[in-house]
Amino acid sequence: MPLRQYQPTTTMIKILKYSFYDLMRSRWSYVYFLFYLLLGFVLLFLNNELSKAVITLMNVIIVLVPLIGTIFGVMYYYNSKEFTELLLAQPIKRSSIFLGQYFGVAGSLTVSLVLGLGIPFTLYGLFQSNAIWDFSLLLLTGAFLTLIFTAVAFNIALANENKIKGFGYAVLAWLFLAVIYDGLFLMSLIVFEEYPLDNLSLIATMFNPIDLSRTLILLKLDISALLGYTGAIFKQFFGTNLGLLMSIFMLFLWTVIPVWRLGYVAKRKDF
Amino acid sequence: MGRITVLFCFLLCLVGNHLWAGTITVCGSCEVKTIKQGIAVAADFDTLLIKKGTYKEFNIQVTKPLTIIGENYPVIDGEDNGEIITVVSNNVTIDGLFIINVGTSYTADYAAIRVVQSENFLIQNVVLEKLFFGIYLEKSKNGRVYHNKIIGDAVDEYNSGNGIQLWYSQNIVVERNIVQHVRDGIYLEFSDNITIENNISSDNLRYGLHFMFSNDDIYKDNTFENNGAGVAVMFSKRIKMLGNTFKKNWGTTSFGVLLKEINDAEITGNTFEENTVGISIEGSNRINYSKNNFIKNGWAIKVRGACYSNTFNHNNFMYNSFDLAYNSNLNDNIFEENYWSDYTGYDLDRNGTGDIPYRPVKLFSYIVNRTPETIILLRSLFMDIIDFSEKVSPVFTPDELVDAKPLMKKIK
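Protein chains in written order, with UniProt numbering: chain L, 1 to 271; chain U, 1 to 412.
Keep in mind that the hints were calculated from the coordinates and are not lab data.
Certain hints may be false.
[As the list claims (entries may be wrong)] Here are the computed distance ranges between Cβ atoms for each label pair:
#1 L:242 with U:252: 19 to 29 Å
#2 L:128 with U:216: 45 to 55 Å
#3 U:105 with L:196: 35 to 45 Å
Note that the coordinates shown come from a computational prediction; the quantities given were computed from them, not determined experimentally.
All C-beta atoms in this analysis are idealised placements derived from N, C-alpha and C, irrespective of residue type, glycine included.
One chain only, chain U, in its complex shape (with noise of 0.2 Å):
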């Protein structure tokens, strides 16, 4: 709520500068002829109207709070000199521009928009395409990077950079933004109490969301797609996702989401669809997770140890290859009233749970884990006659492993 407060206070702010502030108009054929320039001849809180047309211009440094305004996408062309946009100053706006060509260089994290120390700044409507690093913002606070579009070239990991990176950067709203073909889409790194919100990321050369060392944040109805290796999510705390979909993460190494050393989460109302591992949990503790779908995937859930009290309750398990992999000890998890499409049992007292327990975890998914080459035999009957005997007297599998109450119908 204050976070929100302080936003509004701010919009407010710009909208009574604009009472008083004066426009600069920049152009090729101008009084100004380009935005370094128009940065040099402006007064605080003025504004910069920069015109339709191709500036071929680099080390742009924002000094002052300005609002820097683009009519009809102005190119902002670096021709691979290194980094092109720096704000160094509070209440800046950045808003309609296109920047291309981000210098690449293996020494120094050259970005198209970089925001250093700087608090109130705003991002929006800018499209970036052959980059670098696309926007990054820097021991930032209260800002907002909303609705721009970045589409990278990356294709090798080590010269590719992150689309939108925060790092030690707080109470920072990020919404609406697409990525695509970058490093890591949306990077987070000592940044805490950040929203993500109908962010689009997808076809990233690794990971859709990389998230660490980065508490209390949320975030929201994202789409990440087809990431090289989905979505990493790793020491952190308090964090909340919902309703985010994570679909087509395929490979080896590949997930929908990571969770590894992540605690008091809660993980709600999202889809994992058609990913080799829907969610792969390392050495996380106390998280929610329910309402979620798990529809296709190689594995729904893949436990890897040294994880307590995790709840899984009404979540859908529907048409997985395999709905669970643990190579552990239960510890004190607990499945309970969720939808497993896999359920064969009984409703006899009609109380809408199943009367005998679900096993998730089958002969063959423990199996697999110790020899990967044996997915091969996936739903033979020798396999099917293996994990049923299996089902029927637990000898490999956790014996305690059980939905205790089993749904017999999806939940909406």
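So that you can see chain L by itself, here it is in the shape it has in the complex (with noise of 0.2 Å):
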């Protein structure tokens, strides 16, 4: 047999797609799918009005597809850990491997997160309404937060041999981020409160996904609350199409950066 070039990229998309259809094979992938469908129908069912069930389902999408994304990434790297081996002991990139399972679970979760709010959606006449730029912004922030909190516990998993602590870290991350850290800065707020604290918290804000995410929403949802009572930074950041851009950028970059790391670990690492 004549002996193939190499090429990484096909190879990652390979392991990718692996990913993607044993997820599929799973069945969790529709749960998880089926859930989101049935959510989106009983609170459009509930409100009967598309901008109030916005409101809802933004309050599900940060705080459950955060925790999804955590347990569905530890899980399938635990679980998938002898395929890995197997895969580790041929001639094929590292970081490929890796990368190719991160995208598989992470693109199969999106997939059942857009298609299950979605249709749903759709059906209820969302291209008829004025909602579906709330919408889409509501789904693009859960793709992300998907990406964001799947790299994070590939990378948790990737640290811990041992799943019961890899599993523990994992959702004590979703944790703080979720709870915890809002709880400190809510503090942090409160003591400080002597001293102008505009730009501590866009920072703070910045500095976490799921409160980026949400305040995101809050935008286009919340504006007159918003816009009303704080200061002139947080008006001219949020009144303007360049909080908009900078926030999608921080979540960006919070999706790069795991991803990246994954893949500098996964090279270095002693298997």
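Can you join these two chains into the complex? Each is in its own frame, and there are hints to help.
Structure, rendered in structure tokens:
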């Protein structure tokens, strides 16, 4: 058999495809998809109003999507460990193996999310409604959060051989970003209330993807409260497209850095 | 009723007068070339018909009962010299003029049309542009300001004037006017028994309506939109606000309505939509708030203290970031049978009201009152958790502040 030229990109895509179809076969993707489908229909049935449903959906997305991304990521990594070791024995680039698996998981989760929520909302006349931009933003941040938290989960799993420990850390990471961070944030705002806090709170928001996504969606929904009460800096930042672009750029950084670290660590790790 | 009768008689008089009064035509090529000249030659109760054209005049004193009618909107250009028309006589009608370039002064309130100590006047179909003060009614009675359009170009508060200003005036109807881009759209001070109806006041620098020391006034079906600070109603008694719309008043110190020292008022059927604060209440007593819609405001109602015996019933509170902020004792204010879109209770006995009471004040709203920047944590999971725990066992928020009978369906 003639030696074929080794092509890292195609191998990565092969592994990505494999992981993707593997998840599809394992039914979890369907469960996830059906969950969102049901959620979408129930919300619309109960609210009967698109814009109200978008608000409720936001609460779900900024809490559940990161959690599911984290748990799925960790679970998938540990479950496919034997397969990974098998692949490692082959002449394949390490980053292709891990990035392939990562994109397989994150991709299937994102597809489930987008389709699961997209179908009911489309059926209820999203395209005729002016909630479409809010909704697209919601799906966009949902997709980003999936990518970010799956990457974080992969990083944690890669660093921990022990499954229980890895799982624990991953859930803790989610808990920290979803709840504890805001608690600390609030405390510091109250403790330092004598000082100008506009910049501090902007920066603190940027450093947490969940807060960032929440603020991004809030800008569309609760603008009257946000614009009204806070200082000039908030107004300047959130009132313009610059705020939106900056936020999306930060979410992008939040995705790229863990993914890059995943490839970097995987290359050097001794298995 | 009395006021309407008076007005009717007054109109009848006008019609009657026409039967014998003469008409003087003013135009560039006529015998009478200026409005001032026209007024000088006119007899009482004559009609001054002003043809289309541009009249560069200011300080026009209307000293006798006249009807001044513009044909096809003649332009009166004050060339920024000062006041343009001053009415000092009873029974004057001004109709269909286009007045521009009122002088700006830091010592005198120059107006496009000023009515001084006169009765039975009618100002209608007038268009004002590039003005300082628009229509200024001073110690006048029994008049009507109807269907005028006032478009200012105010940039700073200190060198701009008000659209329609009433000072020590009584029994006046201000109806169907459009006021934009001035300092205060409609301004009332020491004016009683005024009816303000169907006006649209928008994009003004400061207040859409500014109201002080004026009692027994009604304002009805007006729209106040996108004004710098919304509407302020202060130090007045027995006011009726019915069916008005307050929209999009955004900003740190912006309100749909600011009520300060208002007693015995009735606020019914108004809509407050997308304001930073729907109603801000301070030192106001015995007010009935009913059938109002509070939609998508930052705060629907903010109660600042020293408020007694107010009742809030049959209002709709929908999708506000906060329904209520309260930084004092509940006192004897009552919230009952309102519809709250945030209410999560149930109605097992199917009597239309929820079985568990609704608490409109959230802990978060209390925190934001203290440290405004915390607003950035709006709708975060952490806040939901502490709000929930506060709801279960109130510690910071007044625990008697409840709507014991929250409605299950919104009021149509």
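Going down the list of hints, with the structure as the test:
1. L:242 with U:252: 19 to 29 Å: holds, 21 Å
2. L:128 with U:216: 45 to 55 Å: At roughly 48 Å between Cβ atoms, residue 216 (chain U) and residue 128 (chain L) fall inside 45 to 55 Å, so the hint holds.
3. U:105 with L:196: 35 to 45 Å: The hint (35 to 45 Å, Cβ to Cβ) holds, given that residue 105 (chain U) and residue 196 (chain L) are roughly 39 Å apart.
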